[in-house]
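Peer 1: Hey, can you work out the whole structure from these sequences and the hints?
Following the numbering used here, the numbering of the sequence shown begins with 13 at its first residue and continues without gaps.
No wet-lab data here; the hints were simulated from the structure.
Predicted model, so just to flag it, every value in this text is computed and none were measured.
Glycine residues also receive a C-beta, built at the ideal position from the N, C-alpha and C atoms.
Be aware that a few hints might be false.
To be verified - In silico SDA-like pairs for lysine to any residue, Cα to Cα no more than 20 angstroms straight-line:
{"hint": "1", "residue 1": "Lys155", "residue 2": "Gly127"}
{"hint": "2", "residue 1": "Lys155", "residue 2": "Thr144"}
{"hint": "3", "residue 1": "Lys155", "residue 2": "Gly110"}
Stated by the list, open to error - Computed spacing ranges between beta-carbons, pair by pair:
{"hint": "4", "residue 1": "Pro56", "residue 2": "Ser78", "range": "39 to 45 angstroms"}
{"hint": "5", "residue 1": "Ala132", "residue 2": "Arg180", "range": "43 to 49 angstroms"}
{"hint": "6", "residue 1": "Arg180", "residue 2": "Asn133", "range": "28 to 34 angstroms"}
{"hint": "7", "residue 1": "Pro57", "residue 2": "Asn81", "range": "38 to 44 angstroms"}
{"hint": "8", "residue 1": "Asn60", "residue 2": "Gln152", "range": "32 to 38 angstroms"}
{"hint": "9", "residue 1": "Ala167", "residue 2": "Gly123", "range": "15 to 21 angstroms"}
{"hint": "10", "residue 1": "Gly80", "residue 2": "Asn133", "range": "26 to 32 angstroms"}
{"hint": "11", "residue 1": "Ala84", "residue 2": "Thr139", "range": "30 to 36 angstroms"}
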Amino acid sequence: MRLLSALAIAVSLLFAGCSSDHTTAPSAINPSFTASLSPANEVPPIGNAESVGRGTVTVTFNPTYSAGNITAATAVFVVNLTGFPANTPINAAHIHPGAAGVNGGVLVSTGLAAGTVVLANGSGTFTSPAVTVLPEVAQQIIKTPDAYYFNVHSAINPGGVARGQLVRQ
Numbered sequence: 013m014r015l016l017s018a019l020a021i022a023v024s025l026l027f028a029g030c031s032s033d034h035t036t037a038p039s040a041i042n043p044s045f046t047a048s049l050s051p052a053n054e055v056p057p058i059g060n061a062e063s064v065g066r067g068t069v070t071v072t073f074n075p076t077y078s079a080g081n082i083t084a085a086t087a088v089f090v091v092n093l094t095g096f097p098a099n100t101p102i103n104a105a106h107i108h109p110g111a112a113g114v115n116g117g118v119l120v121s122t123g124l125a126a127g128t129v130v131l132a133n134g135s136g137t138f139t140s141p142a143v144t145v146l147p148e149v150a151q152q153i154i155k156t157p158d159a160y161y162f163n164v165h166s167a168i169n170p171g172g173v174a175r176g177q178l179v180r181q
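Peer 2: Have a look at this one:
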């Protein structure tokens, strides 16, 4: 009888510990996304000297929540580029809405100014910290990252030189 009582108490404690009343505070969640950047992913694909470049981006959102909804957000962008011709200037970098093969307007800009990043030896890294993102835009990207792409723009390819779809990390 004692064994049965002890087992009943143990099972009760186990279920209490798994209760849905014990949730992680949403404010502790900072979703992160990556994209593999390629000139072949641009629409249309890049066919000039910059077509040999490639890169990656990591985007980390820092949302503020209230009652489970995002009320404010910033994002940190870390971009790595390699294989481009020496002295390639990167003039802009953005998140756009659009599935693979579809172009969309700028949704979130990194704020990169023309001439700020020059790939002297064809490679380089830049970071854009604390970029303000509208709460509803952050929510949309977090919910369906594959519906958005990130790309970088150069002087020779002002419409975009390397692009990749966002993927949740």
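Peer 1: Indicate whether the distance between the beta carbons of Pro57 and Asn81 respects the range 38 to 44 angstroms.
Peer 2: 39 angstroms Cβ-Cβ, so the 38 to 44 angstroms window holds.
Peer 1: Is the gap between the beta carbons of Gly80 and Asn133 within 26 to 32 angstroms?
Peer 2: The hint (26 to 32 angstroms, Cβ to Cβ) is violated, given that Gly80 and Asn133 are roughly 47 angstroms apart.
Peer 1: Can the restraint linking Lys155 and Thr144 be considered satisfied, given a maximum Cα separation of 20 angstroms?
Peer 2: The given pair, whose Cα atoms are some 18 angstroms apart, holds under the 20 angstroms limit.
Peer 1: Can you tell me whether the CB distance of Ala84 to Thr139 sits inside 30 to 36 angstroms?
Peer 2: Taking Cβ atoms as reference, Ala84 and Thr139 lie about 21 angstroms apart, which means the hint is violated.
Peer 1: For a C-alpha distance cap of 20 angstroms, please report whether Lys155 and Gly110 respect it.
Peer 2: holds, 14 angstroms
Peer 1: Does the Cβ distance between Ala132 and Arg180 fall inside 43 to 49 angstroms?
Peer 2: Since the Cβ atoms of Ala132 and Arg180 sit about 33 angstroms apart, the hinted range of 43 to 49 angstroms is violated.
Peer 1: Cβ-Cβ distance between Arg180 and Asn133: within 28 to 34 angstroms?
Peer 2: Given a distance of about 32 angstroms, which is inside 28 to 34 angstroms, the answer is holds.
Peer 1: Taking the Cβ atom of Asn60 and the Cβ atom of Gln152, is their distance within the range 32 to 38 angstroms?
Peer 2: holds, 33 angstroms
Peer 1: Next pair to validate is Lys155 with Gly127; report whether the Cα-Cα distance is within 20 angstroms.
Peer 2: violated, 34 angstroms
Peer 1: Hint says 15 to 21 angstroms; check whether the CB-CB distance for Ala167 and Gly123 agrees.
Peer 2: Cβ of Ala167 to Cβ of Gly123: about 18 angstroms, so the range 15 to 21 angstroms holds.
Peer 1: Per the hint of 39 to 45 angstroms, is the separation of the Cβ atoms of Pro56 and Ser78 within bounds?
Peer 2: The hint (39 to 45 angstroms, Cβ to Cβ) holds, given that Pro56 and Ser78 are roughly 43 angstroms apart.
Hint compliance for this structure: hints 1, 5, 10 and 11 are not met, and every other hint is.
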